[in-house]
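Working from the sequences, and respecting the hints, build out all of it.
From first to last, the protein sequence lines stand for chains A and B.
The first sequence begins at 1 in our numbering and counts up by one.
The second sequence begins at 1 in our numbering and counts up by one.
Just so you know, the hints here were simulated from the structure itself, not pulled from any lab data.
Here the structure is a predicted model, which is why all the values come from computation and not from measurement.
Keep in mind that a hint or two might mislead.
Copies of the same chain look alike in the list, so a pair counts if it fits in one copy or across any two.
Said to hold, decoys possible - No more than 30 angstroms apart at the CA atoms, straight line, and that leaves these computed lysine-lysine pairs for DSBU-like: (1) Lys36 x Lys132; (2) Lys142 x Lys132; (3) Lys142 x Lys36.
There are 2 protein chains.
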Amino acid sequence: MLVLHDNLGSGNAYKVRLLLAHLGQPFQRIEYDVTKAETRTAEFLALNPDGRIPLLQIPDGRVLAQSNAILFYLAQDSRYLPNDNFAQAEVLQWMFFEQYSHEPNIAVARYWLHFLDPSQVQQASLEEKWQKGYQALDVMEKRLGAADFLVGDDYSIADIALYAYTHVADEAEMDLGPYPGIRRWLDRVAEQPGHVLITQDDFT
Amino acid sequence: MLVLHDNLGSGNAYKVRLLLAHLGQPFQRIEYDVTKAETRTAEFLALNPDGRIPLLQIPDGRVLAQSNAILFYLAQDSRYLPNDNFAQAEVLQWMFFEQYSHEPNIAVARYWLHFLDPSQVQQASLEEKWQKGYQALDVMEKRLGAADFLVGDDYSIADIALYAYTHVADEAEMDLGPYPGIRRWLDRVAEQPGHVLITQDDFT
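Structural data, given as structure tokens:
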């Protein structure tokens, strides 16, 4: 069986749980408390030298890190990854955008405000995260103001990757009011068959 | 013909030039000066709302952003991308690691020190970039101290993606002395047939 080294608060880990739920694929969850550095133990670093969850372990014991690489692996030959080469590259384009311009700002602001002691957050750093986070939302809105999904006409792992932290932007104290295309898309994603919530830990 | 919206100083753009040189594929280069915001004009933003190079334009006019997505597209059915699903996912794992943990630190420190006025660089910010950059090199060394290339036994776009900014780490004033595995791998990459330098602008 697949083993997912996981954290229920992490949007990156949620991406993998959401796709596995869509695929109806059973898996074992191992929960790590990242605030207690449980992914930096010698035991975990032997599995992933980068010390991060999510980490997928396949039945033969091999492991795969990086949420979006895991999505790409699991989505092979499914409706969640287009077949066409150019469309696959567009999916990857959005997923690299997510990890470069979206996650480091929106996910980090959410972590500071939602999981840490807010009194320890530096206001100037937070405002920079918000500014860059809104720039990322601007780029998404250009697409989603005029299209149902990020790539082609269908829901794909590109949508899963961007949904993870966009749908909890309120926990980063960010306002999606000025983004009607994104808000309609969030509803569209949540209506997909097999959708699960970020907090859901019961997949049996 | 392929058109590459390019910048000769950018390691991200160099990745694409290096792969195209390996493939022997002709392309037209359009140079942008990012320090003069030439990628933030209305004309360029109409091509790429994210306002970044490299951007690949294919003969039918469609465009693809994000260096590593472009690599994945161009490497299809070539020796630079393994066929196996899991190995492809491992290639992507390293490329997502590059954009999340390596480029935002080493490339940014290089940009500050090599292209901007060093007197404007904040020492505390620079030291944070160096610290996180060395953490990324530590992860690479774990692999490259024991293997010739990042994935499997062969040179792939994962190596191209990580080579781009690692081989100019000295321009970020970072020291590769403590990384013998990385240094041997840099030589190995430079010996690949069709290798070009980051400064090379003549591909005819």
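List of violated hint numbers, smallest to largest:
The structure conflicts with no hint, since it agrees with every one listed earlier.
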